[in-house]
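**Student:** The chain contents come next:
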Amino acid sequence: MGQYGGIGGIGGIGGIGGIGGIGGIGGIGGIGGFTGLGSFLGAEDTGGYDATTTYGLQTTAEGLAHLAPPGPAVAGTPLAFNTTENNDRWATWVRGSLYVSEFLTRIGYEATEAGGQKSAKLTFGGQTLVELVLPGDDLLASQCAFVNDYADLRADRGAEITSQLGFPTEYFAMILGMHLGQHKDTFELITATQVAAAHAAMILKHALAVRRPDQIDGRILPMIPTPGHGSFPSAHATEAYAVATVLSGLIEDWDGFTDLANRTAMVRGLAERIAVNRTVAGVHYPIDTWAGASLGTSLGQAILGMCGRAGATAEARRYVPDNHDFTEHDFANEAAAMGVEVGAAIPIAATPHFSWIWQRALAETQKV
Amino acid sequence: MKYQEREPEERIDRYAGPYERWVFSNELGRPYSFPLIAGETSGIYTALMEGGEPQSDATMAVRLPPLWNPTEGRMNITPFAFQSLAPPPNTPDIGQDAEIARFLGSVRRSAQRTRAAFNPRFRVNFPIVPEAWVPVYNEDSAPDTWTAPATPPKAIVAVIDDGLPFAHRAFLDSTGRTRISHCWLQSGVAEPEAHVPFGREFVNTGIDLLRADLGHDEPELYRQAGAIAAGMSELGNHLRRSATHGSHILGLAAGNDTLFPDHPMGDDIQIIAVQLPNTIAWDTSGFGKEMYMLSAIHYVFERASRIAAACGLDELPLILNFSYGWSAGRHDGQSEMEIAIQDLLAERQAIQPDTAIIMPTGNNFASEMHARLDETNFDTDAYTIGWQVQPDDKTSSYLELWFPEGFDPDGYTVTLTPPHGVALDLPGELDVSADPGTNGGDDGDPRRFIELEAGGEIIGQMSADHHRGTRWRVMVALVPTAFTRGQGRRAPSGLWHFALSRTATCAPLAPAQDLLIWLQRDDDPSDLKSHGRQSYLVDLNRVATPHSAERPQAPTQTIPAQLGIISGYGALNGVASSAATTRVAGYVQQTGRPAIYSGAGGLRTETGGDVRQWGAHSDVIAVSDHSAVRPGIPSIGVLSGARARLIGTSCAAPSVARLMACNAAAGRPLLDGFDAQLPLPATERPVPNVEMQYGARTGPATAPPVARNSHPTPGP
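These protein sequence lines are chains A and B, in that order.
Using my numbering, the letters of the first sequence correspond one by one to residues 1 to 368.
Using my numbering, the letters of the second sequence correspond one by one to residues 1001 to 1716.
Hints are computed from structural coordinates only; laboratory data are not their basis.
No experiment lies behind these values; they were computed from the predicted model shown.
Treat the hints with care, since some could be wrong.
Unchecked claim - A short list of chain A residues far from chain B (calculated; beta carbon distances all over 12 Å):
1. 50
2. 57
3. 141
4. 153
5. 208
6. 262
7. 276
8. 343
9. 350
What the hints assert, rightly or not - Taking CB as the label site, the calculated pair distances span:
10. 1668(B) <-> 145(A): 30 to 38 Å
11. 1488(B) <-> 324(A): 55 to 63 Å
12. 145(A) <-> 1382(B): 53 to 61 Å
By construction, the Cβ of each residue, glycine as well, lies at the ideal position given by its N, Cα and C atoms.
In isolation and in its complexed conformation, chain B is listed as follows (with noise of 0.2 Å):
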């Protein structure tokens, strides 16, 4: 099926991005994308709106989460949910795309009503399942089941994350109440009145009912509280699991138990918690999670403000762990999600300046899934790098190119050349540079779509766009490489020529200038059944001799002298560079030395050969692994008295939530008791370029072990 243009008011890549291009397109990747996408639309979708804010109208009922926004002055980006009132078009191949397209034209145009100077763009996320859709949304209020603890509180501990074990004893205080004054499951079955747009809330007085109901049984307790639901996909049976992310999470960060015996939380540090669809771990595009993710961050700051105020006290310390993230994306602070974190955060530090967010840097140090070149790589006009798509992925797969702020790349050309024996029925090649056909036709974004075909069926996208307006992006989208969901067509495996090319008239990159590469994360940690396998970059120049330069200088050093063009340094947690995120990356407690895995901010390499910070970086660095052979730290797991390990910076992080939250209740700056930088290992060559690499790793500061670790650390 070949790709059908679209009327101007039904083009998706108008009001949003490649990536919704591609996932709400029946031509291109929806077929592949999350059940309730691939499948039957609910007709109840999620967005963020950069400027601007959404009303209902006639065809659509517009809801807002509950929002912080104490000055109520005009917020950049707002998350909001809208639902159909429409039936359905009567036209059968209208896609879905094209009924998100008319909805954004919509809200897009209301709003330049009431703000003529904006031209709104839109985020829009996966859809919400109707048996989550609150029938009557009680909107500015909360639940007044809710009691004012006993112990006023002195912080706020909260956790975004998926499965959250909310009615588990590690999180009842010194009387035996549940510490949890707020959960919000996104993907909770609904009643039928909340004051949550959708999803369920539990406050502190419905947990203790709950738990005095139902706490003998808590698999049934939380079966009658609609947290279990296998029938729903967003929900499922996670909760009925051994462990969960979200169980390891939270337990870290909030919970009481043997194995956290140095840093018990006290009786006046309350706990908000956000358990978010399931649909945030399986989706591999990095896309669709934003309105979940915002509507959480602005729910636990506008619920700790109702805590605040219920107690007559002003704002408190709020320590907001978030272990979650994605590979791909701008890596600057100036994607949607990272102003909107910015914004918040900046606005809340005035006011009550311990509030912190803590993210984990990621996990893809050692994967491949980044590369950085500059002027240096070019031979004369032209660099190509390997992309290999692994068999049997059942998922798309992306990759995103990002030129230099502000850089112009018209004359820049890229043409992507598919595995050896497979040919594209057309050259996949695509301007870096607006397409007038769409762009002169609307007001959107400058960009330009080609598809990949092959056979005649579609494989792939290209995309060029002018992101926010200030930054362009090469974005390829391959769809699985096995045959699918009932699909017959796949992208071939195997050693994919991303290259890049350049009128010999295009400007040279200047000397600070990069192009970056990221390669979206398509694997399946959670067990979801995605199905998903990870693809990686491949240096087509590197010379393969057994004395290459990035090897280390002796057998016992890690850290080699020079950077390789794939690098781990930049593969940094996609949604964590806003400026006053907290990046917690993950060390091995029995060696002292960084996680293999355990991602990092950028590097280059100066036109003098000395190495360079460029944007974010770790800021502190906490245990993730306890030994080689005992990877991960435990935690608790879903039901009362169950255990788990976790491997990952997802458990560094929370272990620094909780000690920052301790630190709040206590009165003491929120890093006391952390240690400086880990010390460069005493194999490793104390030289500039080394002791750069290293701290991009660890950070200026080092958080003591918080889970307990039944093997002592040797001494220095």
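Just chain A, with the same shape it has in the complex (with noise of 0.2 Å):
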């Protein structure tokens, strides 16, 4: 096994002669899907031979020297210079690093504090995308109920907790009949955008710094390790809100499946199903969810923006925390009541890779 064999990703176990030939193994997320970079990790990374082999391919090139006289090499042509031409030259881990380039030249944050209130901002381009205001001490304690409340539902959720530690990139698969044979890029645009998500939430936690609840209410006890990182925003809610704000983007350019509006429907509900597992485990409030559900619906829409589609812009979204339970429904109709304020759209310019990526996606489709 190469050094990052074990880890896997899009391309399959970690690509060793034969035994990356069992490709689709690694998974799609599963095994590879750390927060962070995801099953971009070692993806198609060569690593190296095994003792064995590597002593054979000494032993054989000295063996085979004779078929090939010596004298000067022949000079070829050179690749296209600086162009994504070249993408589906490099190892699917190489487009990890130039997807998260783009991303992280074009955002930034701002810790703020004006009026006794502390908010935390994450520009895009230069002008503020999200800004999420610092929940009070109060205001965790009190929503330490809804955990323990939610808690009653641990052992209906287990299987789904459990496997969703990571991206849990299979679940939005198998709502849209996706597999590796037919969808490597959907696949690729997928953990690109977690990739991102989840970056951008990491600089909104570690500025906020708040408190997990376990922390605040011994009772409230964790099904799962809690992380080591701040409550809020959930980075498991901003990533599965990127994620469907960026599929239900795909999948109507897709024009491929004939219940599209279900589908539509099922991805949004699992976002919310996602987000409020992390809640029933006991790592995080439901604020956690509105503020990462904020973050990520912002962020799908500056990746599409991103990726070149037809029209895209990003709304501006700021959220005051209040105390109120999550649920899609509210964050759909009710989040102006609710501590959501939309704000102005933000054009975005297409950047390559992204693009890139998107326009192989688009050629994924099914048509149903």
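Take each chain as given, in its own frame, and dock them per the hints.
**Tutor:** Pasting the structure below:
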């Protein structure tokens, strides 16, 4: 196994010679689905061969050398210069770096304190995309009641919770009838979205530094480890809503499903469920989901803009947390009354690499 | 803390019984009760009244639920709720039990003014949560938003259960309208006005509107409908679960799904549903539920009359499934609930013969929770049985001993001894007779109480009471075996000895007389986090040899030739003994044998060794498991499209209800298409004692399978 082998990724277990041929087992994100670089980590990385093969290759080279006489090599032709035309020559993890670079060069953050209110802003292209206001300690204490109430559902949701510790890409894939043989590029678009969303969430989590529910209320006793980052916003909610936003756009443009409305509703319902499962597990307050859903939706829209999707703009959002439970219904219909202000639409310029993967993903429609 | 003697007007046991004394008294079991009793009182109580009509007075407002009483005759048992109008008592030491006792005394006195000969008694039940108390109750009417179904109904199927997914698509008719005509969520969040005294009522039009508005997001639908409320212990997040007991039962009894392809419910079968508070399944005492249950049955009957009247029809066939129960009780049809059920069934069957209440036989056949003693079991004048109380039980445990009807146990003593190594401060010895100290001072039932104390702390209560003036009962209540709920006391776990003794001058039991023992259910099947653990009985005299007489005669035989003292026969649902109730047992489809847990009616061994039935028995048996490796049967879950399996006689009963409702709608006899008794397996010896045991488990009729089994049943 190569040094990254076990982590796997889009391309397979790690791509060492014959073993790499198993392809697909490495998974879409389940195995490689750690927040951070997600399944980009090591995907299609060649690693090194095992010691026997390495030694065998050396003796083979010596053994075959007599067949090709000595002399200078003949010059070849250059690859195209600085163009996405070469993207499919690169290993997946390399493209992962390109997406991350494109995204990170456009975002920034600002932590502000005004009038006794602390907040953190995520900027995109210099403009404020999302602003999250820091919840007060009393609000966090009040929110613990919701977390305790949701604990009742742990037996019901246990399988979902433990299989959604990383990026829960499989769950989205099964709603859209996707598999690796036909949707390699759509999976890559999802991963790029998740990684971008995760980075943005981590930045705001760092700035806002909100304690997890189990630090406030010992009775919560989560069923999974509390992650090593702040509670607010929920990265799972951010990622899930970003993916739901991007996929909603993609499947519309696919023009490939006869039951598009159902699938779109299910994709959004899944985003809600993934996010709420974290509250069931005991690691997030409902307000974390409100913040994450707001952030994820705006980010998803920004990513669609980077993809060059026609007419895509990103709505700015500002969330002032208040003591509410989270549901998709409220987020879709009552968000203004529950603390989410939707601001101006920000135009987003297309970027080369996101546009490249978007075009590839568009070509993966099934045309049902 | 010692038990403080109450003034006569503050003795809850004067008006009610030993369970009420235990559950509502601070020094006794109250701290371990359901949160709404253990915590701050809502001041809104529920009860059954036997004899007389409850009436409001200056201190309290009485509400009667919708009652079905077509002749407006006097009812033997009346369910009612009452709200305290007085400010909370000034004396902080007055307990909830004393407050309730004062109210009951007041109700009794007003009833006695109108009907002097009566001395009403009560069963006090769980309080109502304030959010469910309807501000304006429009009595004697029903929502005018209800609309008559387009297809004239030919039968009504009703379900009383928990966690009901009333907006599920399984209940839509062929035009997309719901067949759920009326649905009462007894602990639903109240609206400003309602035609039910507490909770929330939905009628068909309202459900259709909800579905039109929010049918695409059912969890949101239930939330907006006040059917999900995390903060209310009676309601909670139950409908966020993938499946509930009630979703399974309602689906089997009344839903259409590809799971039930052979017995579709037509548009001419309307549905009435009542959702009980979660309290019902949480509590392990067998107490506290009756008012909700009886109100639910009355509501079903009352709304069924309205449906028929609105459609210009006579009373319609009505099949009511009630997959609930408890394990202890009289088992003779003479408990308050059983009398009320019998009265209702008899009265409606006289008008519409196709009226049935279907109940499961229970799941305690193999749980060692029942014992039968007769004179032959006494060693001269004593008998001792073991009661194994399990560690880490966070709820109270209960044992009941019932003397024969009309039997005077004067001279009998029961003695409870804790497990080895633990001593009670005073011996747990109780004379089974009236205590002149309480009985002489008031007008309550003859009764006697002692508290069990260890290290100065009360860990239990023993009582004897002449239940409803007809049968003596001994009841033991123990606090949890785990330190819990912030209490510094617990009962020791292990093998308790429950000894019966009598003076030499006592008359022996007649040959036909039995002493019957039941334990209450003490587990948590619906995962409501009560953290109960089931206790069981132990036959201390049983010889533990590998060749005991109770062993089957051959390895393939499971039915012994003789009955033990501790037996599943008689471990029948404690509220299912009304003569007119239809009791349903469960069998395994693949083997054609009764499920190992399926409750059965009582059997006794006669002097000559013959086995004879006593009491109520199974009337019909239905599939409760597909096979040993696929236990349970499938039905719908909460959300449209969800599925679940449920194990137990709870799911056998609604199969029967469904078949009966389909038969009634088609004008066929209710048991049309049912088979005769399950045949005795060829491996069992066809001798009378064995056949009698088998018949007690199966009942005389067998329902065809309702829920689809993907593995066909092997031929005979």
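**Student:** None of the hints should be skipped; say for each whether it holds.
**Tutor:** Hints and how they fare:
{"no.": "1", "hint": "50", "verdict": "44 Å, holds"}
{"no.": "2", "hint": "57", "verdict": "53 Å, holds"}
{"no.": "3", "hint": "141", "verdict": "15 Å, holds"}
{"no.": "4", "hint": "153", "verdict": "6 Å, violated"}
{"no.": "5", "hint": "208", "verdict": "26 Å, holds"}
{"no.": "6", "hint": "262", "verdict": "9 Å, violated"}
{"no.": "7", "hint": "276", "verdict": "9 Å, violated"}
{"no.": "8", "hint": "343", "verdict": "26 Å, holds"}
{"no.": "9", "hint": "350", "verdict": "34 Å, holds"}
{"no.": "10", "hint": "1668(B) <-> 145(A): 30 to 38 Å", "verdict": "53 Å, violated"}
{"no.": "11", "hint": "1488(B) <-> 324(A): 55 to 63 Å", "verdict": "39 Å, violated"}
{"no.": "12", "hint": "145(A) <-> 1382(B): 53 to 61 Å", "verdict": "55 Å, holds"}
Hint compliance for this structure: hints 4, 6, 7, 10, 11 are broken, all remaining hints hold.
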